[in-house]
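K.L.:
First to last, the protein sequences are chains A and B. Plus 779 on top of the position in the first sequence (first one is 1) and you've got our numbering. Plus 1 on top of the position in the second sequence (first one is 1) and you've got our numbering.
Read the hints as simulated data drawn from the structure, not as lab findings. The structure displayed is predicted, hence computed values, not measured ones. By construction, the Cβ of each residue, glycine as well, lies at the ideal position given by its N, Cα and C atoms. Any given hint could be a false lead.
What the hints assert, rightly or not - Okay, the calculated bits of chain B under chain A, using three or more residues with CB under 8 angstroms as the criterion:
no.	region
1	32 to 41
2	108 to 115
3	218 to 229
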Amino acid sequence: MITLFGIRHHGPGSARSVRAALEKLRPDCVLVEGPPEANALLPLFADPETTPPLALLIYLPDNPQHAVFYPFAEFSPEWQAIRYALTNQISVRFMDLEQRYLLVADRTDPAPVPMPVSPSSDPFQILAQAAGYSDSERWWERFIEQRRTTEGIFSGILELMTTLRAEVEALGQIEPQNLVREAAMRKIIHTAQIEGYQNIAIVCGAWHAPALTHLDTVQADEALLADFLRSLSRDRRAGSPSSQPAVSLIPWTYDRLARRSGYGAGIDAPGWYEHLWQSESDIVEGWMVKVAQEMRAEGLEVSPAHAIEGTRLAETLAALRGHPLPGLPEVEDAIRAVFCFGDETPLYLIHEKLIVGQRMGKVPSAAPTVPLQRDLFAAQKRTRLEPSATPQTLDLDLRKPLLLERSRLLHRLNLLGIPWGELQVASGAKGTFHEVWRMEWRPEFAVNIIEASIWGNTLLEAATNKIQAKAARATELPMLTRLLEAALLADLPEVIPPLLERTQFLVASSTDLSHLMDALPPLINISRYGNVRQTDTALVRRIVDELITRVCIGLPAACSALNEEAAQEMFAHIKAVHQGIALLEGVESSEHFQAWLRTLTTLATLSAGHGLIRGLASRLLYDAHADPDTFSRMSLALSSGAPAADAAAWLQGFLHNSGQALIHDPALWQLLDEWVLSLSETSFIAVLPILRRTFSAFSAPERRQIGEFARNTGNRLLSATEIKLDPVRAEKALALVNLILSPTPYDER
Amino acid sequence: MSLILRAHAEQQFAEELAELAKADTRPRPPNWRLSPWAVTTYILGGQLENGFTVTPKYIGSRRLIEVAVATLATDRALLLLGVPGTAKSWVSEHLAAAISGDSTLLIQGTAGTTEETLRYGWNYARLLAEGPSEKALVPSPIMIAMQTGKIVRVEELTRIPSEVQDTLISILSEKTLPIPELGKEVQAVKGFNIIATANSRDKGVNELSSALRRRFNTVVMPLPATLEEEVEIVRYRSEALGRALELPAEPPTLEEIRRIVTIFRELRAGMTTDGKSKLKSPSGTLSTAEAISVVTNGLALAAHFGNGELRASDVAAGLIGAVITDPVQDRIVWQEYLETVAKERKDWKDLYRACKEME
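Same shape as in the complex, but just chain A:
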């Protein structure tokens, strides 16, 4: 005897009905629609560590991106059927066409859709419209899922589907692939019968149920399957159908179950369904209380009285609309009117947290995975980082060993193309020993992990291999230094020496100065990170030394006779290098800095140099207090003899982005001010357009402030040195300032 249970995937009502019907039927074998390859994984479903939502992941090992997911939630009828069978020691297996054929057949289709809920023509839609519903989901929900009595429901569904299919078949709209799948299902049922099972329960999508009632089509099925296989092997570009897919069990999230994201499973509100499944009675009341608690946690004023009134309104609405029980639309309407005072915004909040839900499943450690995944598990345990579907921010202080370990883990995963954490641009104040990550685990990382496992069996090994492979292909210095930086952050000690060696080689052979300059800032960063990250940076320092020397030598030559575009590029390079060198420790007195300043001096006086570069060099020198001649340089560059375009470029280079500096640095202001005052009227008028052009690059508030400044302070500014200070009186004020600013009481200091 076989009994058919036609269900909707992920329907809590179906799940409840299936569970009740199975308990009544007490079958000796349960067949569940699903990939037969995954039969070996079935015992894992009963593992106490297993928590839904989960998904079966079936992929071709040679092409992991080509994968199919079979998601299960707690309220999935399939999940309940499997759990029932396993706890009662009843034989259970999956029943469908083997996925390896489908995977191959699907190859041309970039987005595999797991478990089609209904065929393309959607006969359910026709049914729903006939019953006066806009949406087939609503119809099914109302008539099948919300039903509280399970008696006779499956024979009703079977009858309904049989009629529907007859209609669709008459129109010739049955998808051929569905026919093949159903033939395969029948074959599996037949095998079970031959094995001697007497009382077989079959749980499958409602649409397939009518096709499984007649099992006397063995020969026709064999022919159909054989035809299908032949069609596959004919299709050469599909690859070999014999390649065995691998099967794995991975954690899934409600977000992924919801229709709005990638591998949709056809449901809108997993959180609401979970609630429907978990609560035997008081569904609306329970939901209202959950919503009230969530809103209270968000600081909204919601009292139990609101929950009571919300429940009453939802129930009245359901009665008005002629439903026996309030559904999600009634509940949402009630919440909007009672909780939110007609406002939509708080509803978005509960949509994310409650209606979709943020639950994430857990797989038992015994689940078959690639070794890389197991290594990741171990690393997660070691660093006490739990994957979570809820986005969160992680602030890592790299001076603490555990947090440093976490940072390394995240950097390694990023290298392997598993962006679990996204490094936020660190705010300047936090320094080099802080990292801020934005963490969010996505179920499809399971695929990325499998993909990355071609590089190695542990995270360290895989990341090392991947970076080495990339480095071998890198022919340009900047690319290589970026890899080097990544390797240091991810703490891959093995690759660093060969990478550095290759860098040194490229530095020596590279003739392109811009590449050298590009490579310098990351390398300087590396040498700075060194002491926090406990990496040996002596070698890096050596390369940096060499790079700086080479840049200093080559730069003057590289800066002569540049056109506008090249000058702009060089401008950015020089600024970056200057910032890098300024960051080196003990820089003021170091040889490099002196050499760099000498180079800048050369640049500032380079007669063939572009105005932009000369201006920049003069400014950098001025900022470093290393140039007594800034004033004369300025007069020279901006004198009436100089070509206007060149003078404008010089001023632009000198005053780049320094609207703020002009306002806050009296000395710089004075310098400019003095120069303007020193001009005769005619030369002032001549130089005015150039000045205007430069100032127009500043932001509007900066210009306004500069203007006010010029007006208010008259034509001369007092610099700090010109104000006579009384040290004794200042001392008294300082004591008070100290008291205000210091966190500890003054007496203790």
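Here the structure of chain A is known, so what remains is to put chain B in place on it, guided by the hints.
P.N.:
Frame of chain A; chain B shown alone:
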């Protein structure tokens, strides 16, 4: 036809209400004239089983009306919130007419509304002559509604001073109104409820206290979602108004209405319908109700001074009046609109000329 300028909803639609009551077999809450389903049908329109057609009173979201009716059925008070001209009072009048058969129990909220208006007042001549007695008592509409189990409407609730508003709290939660002078109280009969309307765009309003607010279920009345919906509302309402005012003009052409609604929607959104150019928005709300009044105004002009057919010149005056509420700012907005948008549209030449002539 009677000389009454505007009949109450229950008078104007008496036939529809009677037909609905006849056809309505569903359970009715105590003291309701119709079942919640029939009330919804009355507001949104539809066809009864006996073929009788109920005209729609509100064109818009079914969900909103269902929530409003269900709220009244749960004996919670209903607060209709929205910008001016979104049919708040209109819906509340029809709800009261359909549920209680009486839309006349009305309190207009103003800054001068006192507690007496909400509770009860005294006939002072009688009070002085006979002392406090029931005969000397002047009941408020709320008190009458409580005694008779009807719906009472409070218009512009947020214009009432806060301390007066709070009088409603005990009426809504205890459903009683004590009269200490007589040592008595009025206990509400089943069917009593309050529909309040409030304006979300007004200045100088008194926000509801949270104690009062949580005794109301709030339904926000939106502006019409699409051009088609708004054109339909304006056409339907101006025809009905034209009939009521006995204007001999032809029903307005759909084209003319569409133009007016387009102008209103574009100025309101600050953007042309094709989303290509940005516009300034005038200071007024430019609601659908104002569009309706522009059309009826035009109809009256056409009927009495024109040939009875609505033309661009008939609507121009009303249009300008509706858009320009601030004589300085809005005039600039309007002129910009005329010159940049209206002038460019080929089939708007007549409207453009008519508007230019008005200046």
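K.L.:
Look at each hint and say if it fits the structure.
P.N.:
Now the hints, each set against the structure:
1. 32 to 41: holds (count 3)
2. 108 to 115: Not satisfied, violated; 0 residues make the cut.
3. 218 to 229: holds (count 4)
Checked against the numbered hints above, the structure breaks only hint 2 and satisfies the rest.
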